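Below, each chain spelled out in residue letters.
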Amino acid sequence: MRKRRDLGQPSDIAFLLIIFFLLLAGINTTQSLSLHTNASNVAQTDTVPLQALLTQQGTLVLEGTTFSPLEFSSKLSDNTTLHLQVEGETSWQQVVDILSLTEQRKIAGLSLEMAP
Amino acid sequence: MRKKRTTAPTAMTDIAFLLLLFFLILAISTHILPIPLNPATSDSSIATEETKHILMVGLDGSLFYEGNPILLSNLPHAEEFSLLADKETPFKILQPVIQALKEKGVTTLHCVVEQSR
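Going line by line, the protein sequences match chains A and B.
Counting in this note's numbering, the first sequence runs from -12 upward without gaps.
Counting in this note's numbering, the second sequence runs from 765 upward without gaps.
Since the hints were derived computationally from the structure, they do not count as laboratory data.
In this text the structure is predicted, and so the values were computed from the model without any measurement.
Backbone N, C-alpha and C fix where the C-beta goes; we use that ideal spot for every residue, glycine too.
One or more hints might be untrue.
[As the list claims (entries may be wrong)] Okay, the calculated beta carbon distance ranges per label pair: (1) P56/A x A780/B: 45 to 55 Å; (2) E100/A x A780/B: 50 to 60 Å; (3) F54/A x L783/B: 31 to 41 Å; (4) A780/B x S61/A: 51 to 61 Å; (5) N66/A x S837/B: 36 to 46 Å; (6) R92/A x M776/B: 49 to 59 Å.
Required output: the full structure, derived from the provided sequences and hints.
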């Protein structure tokens, strides 16, 4: 006759599993968006320069026309060099949203400066 | 007369493991920040993981390098910096910091964000 093996307390195993998944969910992976500070100094002849103003409401003004960030993303392509002027009261989150857009569209260059 | 031991010794190792995992979770989930910060979020799938030379900027413009308060002029030389700022920080506070880092020869600034859920 086969001997029944003692597998330990099932509640202990359940606890270990709960803690394992808790640990997995709790690990906060910090991520970052890269901003190349010397992008404006590099002479790029084959790129299309684009100058836009990021307002404190989160909208973008391009050649007198106001765009939402989503509408603005369609203007960006891989050969665009964006010179972004940011209003002083614009929150960091709104700037990060635009940085995120530019990373997704893989634009050639980005420079940030304060709007006069 | 000594009583016979009724609990299995394996139960003790289970408890030891549970305690170990408990303190492990506690250590991982407790991020000690010098100032309360609510980082900006991004849903960008191509965000890169880079967290060296962390420079924290408070809502009032106070600077912390690797967890310690620092002046902009005393920052060490490095080609890459990670910038962690509260999402509500106005750009007029961050712009002088970015400009100073640029003048110090920083070529790449990693803007630390949280993955939006």
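Here's how the hints hold up against the structure:
Against the hinted window of 45 to 55 Å, the Cβ-Cβ separation of P56/A and A780/B comes to about 52 Å, which satisfies the hint. Separated by about 58 Å at the C-beta atoms, E100/A and A780/B satisfy the suggested range of 50 to 60 Å. Judged by the Cβ atoms, the range 31 to 41 Å given for F54/A and L783/B is violated: they are separated by roughly 56 Å. A C-beta distance of roughly 58 Å is found between A780/B and S61/A, which places it inside the suggested range of 51 to 61 Å.
The hinted range of 36 to 46 Å is satisfied by N66/A and S837/B, whose Cβ atoms lie roughly 38 Å apart. For the pair R92/A and M776/B, the supplied restraint of 49 to 59 Å holds, since their beta-carbon distance comes to about 58 Å.
Consistency with the previously given hints fails for number 3 only.
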